[in-house]
Amino acid sequence: MTPGDGTLRDSASAPKRGDTYSINWRLVLSVVVLQSILLVVSPPLVVFALIEVMIFALYASALNLLLSFSGMVSFGHAVYFGLGAYGLALSITHFDFPIALGIIAGPLVSAFFGLVYGILCVQLTAIYAAMLTLACAEVTFAVVFQWFDVTGGDSGISGHVPTMLGLEPYQFGLVVLCVVTVAILMLWRVVYSPLGLTIRAVGQNPARAAALGHGRKSVQLIAFVISAFFSGVAGTLFGIFHGNVFPDYVGILFTVDGLLMVVLGGLYSFGAGIYGAIVYKLLDNLAAHYFEYWQLVIGCIIVIVVLVSPSGIAGLVRRIVSRIGPRR
Amino acid sequence: MHRRKLLQISTALALAVGLGGAAQAADPVKIGYVGGISGACGGLTHSAVKAMKIALEEINAAGGAAGRQVEVIWRDSKTKPDEGAKQARDLILTEKVDLLTGVCSSSVFMAINPISQQYGVPLISAVSGTHKATVDFGHPFVFQTQPHTLMEGKALAEYAAQQNWNNIVTMGLDYEWGRTTVKVFTEELAKLKPEVKISKQLWPRIGETNLTSYITAALAEEPDAIMGVLFGSGTNSLIKQGKSYGLLERTKLLTFLSTESYMSLGKDIPDGVHGWARGPFYALGSDKAKAFVEKYRNAHDGEYPNDWGMLGYDAMYIIAQGIDAAGGTDPEKFRQALGSMTFDTMRGPLKMRMLDNTFNAPSYLGVTKMSDAYPFPTMSDVAVISGDVTLPSEETVKALRAAAAK
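These protein sequences, in sequence, are chains R and C.
All the letters of the first sequence, read from the start, carry residue numbers 1423 to 1750 under our numbering.
All the letters of the second sequence, read from the start, carry residue numbers 204 to 609 under our numbering.
Hints are computed from structural coordinates only; laboratory data are not their basis.
All figures in this text were calculated on a predicted structure; none of them were measured in a lab.
It is possible that part of the hints are untrue.
To be verified - Once the Cα atoms are required to be at most 16 Å apart in a straight line, the calculated EDC-like pairs of lysine to aspartate or glutamate come out as: (1) C:Lys498 - C:Glu260; (2) C:Lys253 - R:Glu1714; (3) C:Lys396 - C:Asp427; (4) C:Lys400 - C:Glu424; (5) C:Lys403 - C:Glu424; (6) C:Lys609 - R:Asp1571; (7) C:Lys446 - C:Asp474; (8) C:Lys386 - R:Asp1571; (9) C:Lys403 - C:Glu390; (10) C:Lys446 - C:Asp471; (11) C:Lys609 - R:Asp1518; (12) C:Lys493 - C:Asp547.
Stated by the list, open to error - Quick list of simulated restraints, FRET-style, between CB atoms: (13) C:Asn370 - R:Ala1557: 34 to 44 Å; (14) R:Leu1460 - C:Thr412: 48 to 58 Å; (15) R:Glu1714 - C:Glu411: 28 to 38 Å; (16) R:Ile1526 - C:Glu411: 30 to 40 Å; (17) C:Glu597 - R:Ile1526: 39 to 49 Å.
For each residue, glycine too, the CB sits at the ideal point set by N, CA and C.
Just chain R, same shape as in the assembly:
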């Protein structure tokens, strides 16, 4: 359904030297073609849902870089998502950027804040670092929500960019597909490059990585900035998709959405963000449609998934593939 869907080989744990982790181009291409066909033939509403899934797949994949590989937890990742959309909006409304430049500014603003907050957060580890990410997120939300002369407060900023750039939904869907595919492939490259190996080493055993000359702080900071940048790409796309931005985009609910997607998708696997986005957004759309207490239903389903398959959907898919598919 989404680029890289399930087919990029997931085996983050214990990467062996000599493993290539090369991209399965045939798979990527077939997913992209399939998704393009879906975008072109589906009614607008399905196209909107597909666009949303793609954007969140990127956001969750960026978050997953931290959670699964770098050994960090971010309880405030919506900040980098939302600041992408705010970067786009504010650069246009306050600095008179043309739209094209604004679109570039979005992810850069996210990366900048990723750098600033990242420098603070990597000073600590484990739960303390996680709490610091939460604190940074709260500060950002408060500023965005209250500084209404600049950010428009809770009625947000609208009208700075035409919804979906004025394109037809399927056309915008194809643009999103291109951007998200490239971004997720870049994330894949990061994870399975020498840099990625270092990030994973630090994530798995910081002391040993330090003994090899890789300081935890600098490596985690790099991962943090990369993750913030790609979250910002997703947020910028989301801001263009809706043609507006609201404080909710940097708020706790978007953070929780991202975390749930990764956990549902399956921690410690590259595809977690993609699987999680597909399944979570599907649940989110359907449950609210059929149940009054939809939060309860989603909560129960997540609990069941986590209990039945602690390695999430990625683990489930891996198991199914290894049963029915040809042995590697």
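We have chain R already, so just place chain C on it with the hints.
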């Protein structure tokens, strides 16, 4: 192969005939409701939905609108702007609704507004406070049936000017609603009664439950009144914590008190607080309002409708009567109809002006008093400040639109 094709064709034909027949037989007016049924607005919206359902039943029993039955498709925005936008799109594209209504929380209203504009589907806000959708980003098919922030700020100034208050401290929640209301209040009051001194402006954080430092700071100015733009727990804390400082003995308090607050705070609200509201059922003397309240209570275990319920009921009738007068759901005819008629609502006769599609909805201000009539305090001596007085001037609207278009 042939047989399969035959089967496909006959199925398609059967479907087409079936659908065509159904459309001819019923063809109801379809209204899409998007509101914060869950999420932050959940506690307020429930009453609006109940009230709108009662109005819908009555309207359909009386023959519907423009001779057609009215059908409402209810959707939950979860009080999230992106979710609201998604639901609005779905209603327009899949359900093919003729109009949209509902909305709670300014952000959701702002998120749905461009969608209404994009598809040319009228959006009639029943319960949203922001003025930005109709004023700053107004378009021909967005309508506002309740007093918005600019109108309420002015209503507060009108009320304060009539009191014997010469030294006022403002206390507004530090976000858009609080800041805008205080700004309009201060500006309008300066025009109405220049001698009034605003000795201090305080901005408590939203969600702040300990207001004692703000209370002492306000009392230090020895003001004649404190104007508090707070809601929910903010109002609650101000009144409760103010007690130990003798706030109400030392000064007057003017603050937002909807029916919801009276019901939840009950006797914690002392007599003598100056409150403002948008649709207090107990202060509306019309037979229409009385009949509705009775019907609502019978249907919901004796529960009283809150302000949002009153506004929702009125909005549903405004929509139906507008469609009636327009002879259908053509957006431009609907707009012309709304602009050319007077609506007999529970809040009295209301008219819409074409400048910004805003109704001259009144604001209600009064003084709290516990009586035997209700299990919670209500406002007595209610002053009704008409929207005719509070609607922003044409210059203001144009200036705000020019600034927004920049």
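Here is what the structure says about each hint:
Proposed proximity of lysine 498 of chain C and glutamate 260 of chain C is supported: the alpha carbons are some 12 Å apart, at most 16 Å. The straight-line distance between the Cα atoms of lysine 253 of chain C and glutamate 1714 of chain R is roughly 15 Å, inside the 16 Å bound, and the hint therefore holds. Of the pairs offered as hints, the one joining lysine 396 of chain C and aspartate 427 of chain C holds, with about 15 Å between alpha carbons and a cut-off of 16 Å not exceeded. The suggested pairing of lysine 400 of chain C with glutamate 424 of chain C holds, with an alpha-carbon distance near 11 Å, which does not exceed 16 Å.
Annotation: proposed proximity of lysine 403 of chain C to glutamate 424 of chain C holds, straight-line Cα distance about 8 Å (limit 16 Å). Between the alpha carbons of lysine 609 of chain C and aspartate 1571 of chain R the distance comes to roughly 15 Å, so the proposed pair stays at or under 16 Å and holds. For the proposed pair lysine 446 of chain C and aspartate 474 of chain C, the alpha carbon gap of about 12 Å is at most 16 Å, so the pair holds. Proposed proximity of lysine 386 of chain C and aspartate 1571 of chain R is supported: the alpha carbons are some 12 Å apart, at most 16 Å.
With a CA separation close to 14 Å, the supplied pair lysine 403 of chain C and glutamate 390 of chain C stays within the 16 Å bound. Between lysine 446 of chain C and aspartate 471 of chain C the alpha-carbon distance is near 10 Å, which keeps this suggested pair within the 16 Å criterion. The hinted pair formed by lysine 609 of chain C and aspartate 1518 of chain R meets the criterion: a straight-line CA distance of about 10 Å does not exceed 16 Å. A hinted pair counts as satisfied when its Cα atoms are at most 16 Å apart, and lysine 493 of chain C with aspartate 547 of chain C qualifies at roughly 14 Å.
Taken as a hint, the range 34 to 44 Å holds for the pair asparagine 370 of chain C and alanine 1557 of chain R, whose Cβ atoms sit roughly 39 Å apart. For leucine 1460 of chain R paired with threonine 412 of chain C, a C-beta distance near 49 Å keeps the hint of 48 to 58 Å intact. For the pair glutamate 1714 of chain R and glutamate 411 of chain C, the supplied restraint of 28 to 38 Å holds, since their beta-carbon distance comes to about 32 Å. A beta carbon spacing of about 38 Å between isoleucine 1526 of chain R and glutamate 411 of chain C agrees with the range 30 to 40 Å that was offered as a hint.
For glutamate 597 of chain C paired with isoleucine 1526 of chain R, a C-beta distance near 40 Å keeps the hint of 39 to 49 Å intact.
Comparing the model with each earlier hint shows no violations; every hint is respected.
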